[in-house]
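Trainee: Sequence:
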Amino acid sequence: MLSSMREFFLRSHGELLLPIPGMTWRLVVEIGKGSKVKYELDKASGLIKVDRVLYSSVVYPHNYGFIPRTICEDSDPMDVLILMQEPVLPGSFLRARAIGLMPMIDQGEKDDKIIAVCADDPEFRHFTDIKQLAPHRLAEIRRFFEDYKKNENKKVDVEDFLPAENAIDAIKDLYAAYIVESLRQ
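Taken in order, the sequence shown gives residues 1 to 185; the numbers are from our numbering.
FYI, nobody ran anything at the bench for these hints, they're computed from the structure.
Glycine included, each C-beta is placed from N, C-alpha and C at the ideal position.
A portion of the hints provided could be inaccurate.
As the list claims (entries may be wrong) - What follows is a set of in silico ranges between Cβ atoms, one per label pair, in the way DEER data are often shown:
id, residue 1, residue 2, range
1, V59, R184, 36 to 44 Å
2, H126, V37, 29 to 37 Å
3, R184, K150, 32 to 40 Å
4, R95, K43, 33 to 41 Å
5, L89, K43, 30 to 38 Å
6, A44, P163, 31 to 39 Å
7, Q85, P135, 15 to 23 Å
8, D160, Q185, 31 to 39 Å
What the hints assert, rightly or not - Okay, derived cross-link-like pairs now, EDC-like style, lysine to aspartate or glutamate, Cα gap no bigger than 20 Å in a straight line:
id, residue 1, residue 2
9, K113, D173
10, K149, D79
11, K33, D147
12, K33, D74
13, K131, D169
Can you build the whole structure from these sequences, using the hints too?
Mentor: Written as structure tokens, this is what we have:
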């Protein structure tokens, strides 16, 4: 159903609202690169709130946020890690391009992450697929997500990174799910 809804929406409203390979979209930053503070959007107030301080000595390796107008199984927008040179203030939005998908299981529940690059950062904007990243950078990202909840006694499993096409398909499906959910309300 989501695929047919997605196709209907694309025909009716145009593809420019959705990310397609080589194109950019806006996303919201919740956590700046180098932070130990986990912020998240408070849906009731629309403000960014402090969720917690990470229990371990790790820091977010890149900016972290979400893709507006998407909805995942946990009723939250799709999470995204944004590769760029500088930390960004929580609550900012920026232009980005999906380059991959990191399938993840957090305490037995699906919690995938989109890996993206800032479209306006000269160091990262040329990347179009996760395979172009250095193996060390991928290991750094994987290690962060495997370790950041260990001291809370929470288990996280990170699977192999998937290419940009998988990320784009996931975003489109989650965007369609958002539209369906919006129509129900």
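Trainee: Each of the hints needs a verdict: does it hold here or not?
Mentor: To see whether the hints hold, each was checked on the structure:
Checking the proposed 36 to 44 Å range against V59 and R184 shows it holds: the Cβ atoms sit about 39 Å from each other. Judged by the Cβ atoms, the range 29 to 37 Å given for H126 and V37 holds: they are separated by roughly 31 Å. Roughly 38 Å separates the CB atoms of R184 and K150, a value that falls within the hinted 32 to 40 Å. Under the hint 33 to 41 Å, the C-beta atoms of R95 and K43, about 24 Å apart, miss the expected range.
Taking 30 to 38 Å as the suggested C-beta distance range, the pair L89 and K43 does not conform, at roughly 20 Å. For the hinted restraint 31 to 39 Å between A44 and P163, the CB-CB distance of approximately 37 Å keeps it satisfied. Remark: the range hint 15 to 23 Å for Q85 to P135 is upheld by a beta-carbon distance near 20 Å. For D160 and Q185, the hinted distance range of 31 to 39 Å is satisfied, since their beta carbons lie about 36 Å from each other.
Proximity of K113 to D173 is assessed by CA-CA distance (about 14 Å); at most 20 Å being required, the pair is judged to hold. For the given pair, K149 sits about 16 Å from D79 by alpha-carbon distance, which is consistent with the 20 Å threshold. The suggested pairing of K33 with D147 holds, with an alpha-carbon distance near 16 Å, which does not exceed 20 Å. Distance hint between K33 and D74 is unfulfilled; the C-alpha atoms sit about 24 Å from each other, more than 20 Å.
Between the alpha carbons of K131 and D169 the distance comes to roughly 17 Å, so the proposed pair stays at or under 20 Å and holds.
When held up to the earlier numbered hints, the structure conflicts with 4, 5, 12 and fits the remainder.
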